[in-house]
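Undergrad: Each chain is listed here by its residues.
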Amino acid sequence: MSFTPNIQAFCCHYTSQQSCTEKGGGLQEDGFPDNITINRLACGGKLQVSSLLEAFENGADGVYVVGCPTDKCHNIMGSQRAAKKVLAVKKALAELEIEPERIEMFHLERGLHPEFITVGKKMAEQIKNLGPCPFNGDFK
Amino acid sequence: MIIAKRKPVAEIVDMVKDYDRVLVLGCSGCVSVCSAGGAREVEIMSSLLRLGCKKAGKELKTVEGTLVRQCDKEFIDSLDDWDGQYDAIVSMACGVGVNFIANLRPMTRVYPAVNTTFMGGSMEQGVWTEQCAGCGNCVLHLTGGLCPVARCAKSLMNGPCGGSVNGHCEINKDIPCIWQEIHDRLGRLNRQDDLLNIAPIRDWSTAGHGGPRTSVRDDLTI
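Chains as they are written, first to last, in the working numbering: chain D, 1 to 140; chain U, 1 to 222.
No lab work stands behind these hints, which were simulated from the structure alone. It is possible that some hints are incorrect.
[Said to hold, decoys possible] Coverage of chain D stretches by chain U, computed from C-beta distances (three or more under 8 Å per stretch; other residues unrestricted):
1. 49-58
2. 92-101
[Claimed, not checked] Simulated crosslink set (DSSO-like; lysine-lysine; CA at most 27 Å straight-line):
3. D:Lys128 - U:Lys58
4. U:Lys5 - D:Lys46
5. D:Lys122 - D:Lys46
6. U:Lys55 - D:Lys128
7. D:Lys122 - U:Lys55
Quick reminder that beta carbons are idealized off the backbone N, C-alpha and C, glycines included.
Next up, chain U with everything else stripped away, as it sits in the complex:
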């Protein structure tokens, strides 16, 4: 899922300081699962915005809503339900949601309440780690299912780099060296010989280095 984290409240209060009515809009997708922007966080954010504005001597009226997703046009269309009730939207969705509202609502002011951080998962409650970089050319079949693009600090294709110590990354000693884990895992699976194949210089053109990417499925387009 996409992982996000709430921005500092004061930053968001500053965004909405010129408005009297704000729609705080959650998303029931990824940000709901990672507890950054679902219905419960909308309730908390609304309260914090009202308090922040109250401290500044200003009354802010908040309307609360949560869409099934903010990354699909049909759900953004349901913003019609709140027409006339707000001056600006504070979106608690990932950056995709904010972009979608901006794309589809040319005259709507929309502000982000979260920082979108990475694609990851939760191995233990309350902790999320990056697992995928969305590089567009998956090599997991060569690396035992562990991603060196997202999980190696240097995104090496032939690792480890030589700087890891006791299985931990030299850039951040709190995270494991993923190349150590790739070697260990392929050894356990009796596939260690796979590591004798040297990966060629990688073509990063699929990784967004050529600008925003588009994916088209002809069988689904109308």
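Here chain D stands alone, though its shape is the one from the complex:
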């Protein structure tokens, strides 16, 4: 049976700029998977662990965060803070025996670059290979 994963991307203002101004339409034309929803953040430093968990609670099969390169973050430490939140969720997922690869962190240059499309495709493939998230089963 075909499986189209629900993927939630959290992108800081700087790494998601063009996708926001074009409302994502231009991205799809360039091959960005349409099963990825972009959630825009003012800064990766604003990201909370609870927001990432909430994405899983709301049915995400995979989640990823895009922030500035670690040495070029507009807000200095924002993307490093985001990466630590992602690590915390990876650890919690592992404790629940869920594949930690269901959440990833990427550090990309600001604005629209081919890498933004590449990591989207990479996550879409990665999560598709993992299959539906075990959190999304029916209640007994």
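Given chain D's structure and the hints, the job is docking chain U onto it.
TA: Structure of chain U alone, referenced to chain D:
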């Protein structure tokens, strides 16, 4: 402050697996400051418990709350606000909080979400170290303010032991030999002669070796 650390989520999910509704209860005291059991951690824990139960095919309803402290009766009394809304409490307070709920609520099921580890402080963000063992007979006035009970792996009263290397403890090379630091500090303060006084064999009866301790202030009791 009292330092605590979240238990593995699966362990807590197993504690609550038989319940449908859980009150996840934080504490705004020490565990909030050390980011183990304050309001933010309550939000995260609630989400993790719901997800853990969901994975097991069970729906868990969570109610979230955070008390000013869980180590005072008057604040525990405010649990009345959630009466009838939960089957069990997952306390994110230190062990004192869990005990207080158990003491004061004979029919309430309460479970710990954190491991209470030590009394310490944070010298840098995200890192906490043990500073005090609560031994009940403070000797900091003799040791330059640095505690050999809590911070020497052997709790020596006349150190160092001879096993430290380059100022680091032989038991754990990541921590400094506190007796080296005591010697260095007293030297800087021109009090090195204090170290010529040999500490007598210590009486540990104040350190909990006689069972749980009680402190009473007659001027405060009613």
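Undergrad: Next step is simple, just say for each hint if it's right about the structure.
TA: Hints and how they fare:
With 6 residues having a beta carbon nearer than 8 Å to a beta carbon of chain U, the segment 49-58 of chain D meets the requirement of three or more and the stated coverage holds. Coverage of a stretch by a chain is defined here by at least three residues with a beta carbon nearer than 8 Å to that chain's beta carbons; for the segment 92-101 of chain D and chain U the count is 5, and the condition holds. A distance of roughly 25 Å separates the Cα atoms of lysine 128 of chain D and lysine 58 of chain U; the hinted pair therefore holds under the 27 Å criterion. Of the pairs offered as hints, the one joining lysine 5 of chain U and lysine 46 of chain D holds, with about 23 Å between alpha carbons and a cut-off of 27 Å not exceeded.
Restraint check for lysine 122 of chain D and lysine 46 of chain D: the C-alpha separation of about 25 Å stays at or below 27 Å, so the hint holds. As the CA atoms of lysine 55 of chain U and lysine 128 of chain D are separated by approximately 19 Å, the hinted pair is consistent with the 27 Å bound. Between the alpha carbons of lysine 122 of chain D and lysine 55 of chain U the distance comes to roughly 25 Å, so the proposed pair stays at or under 27 Å and holds.
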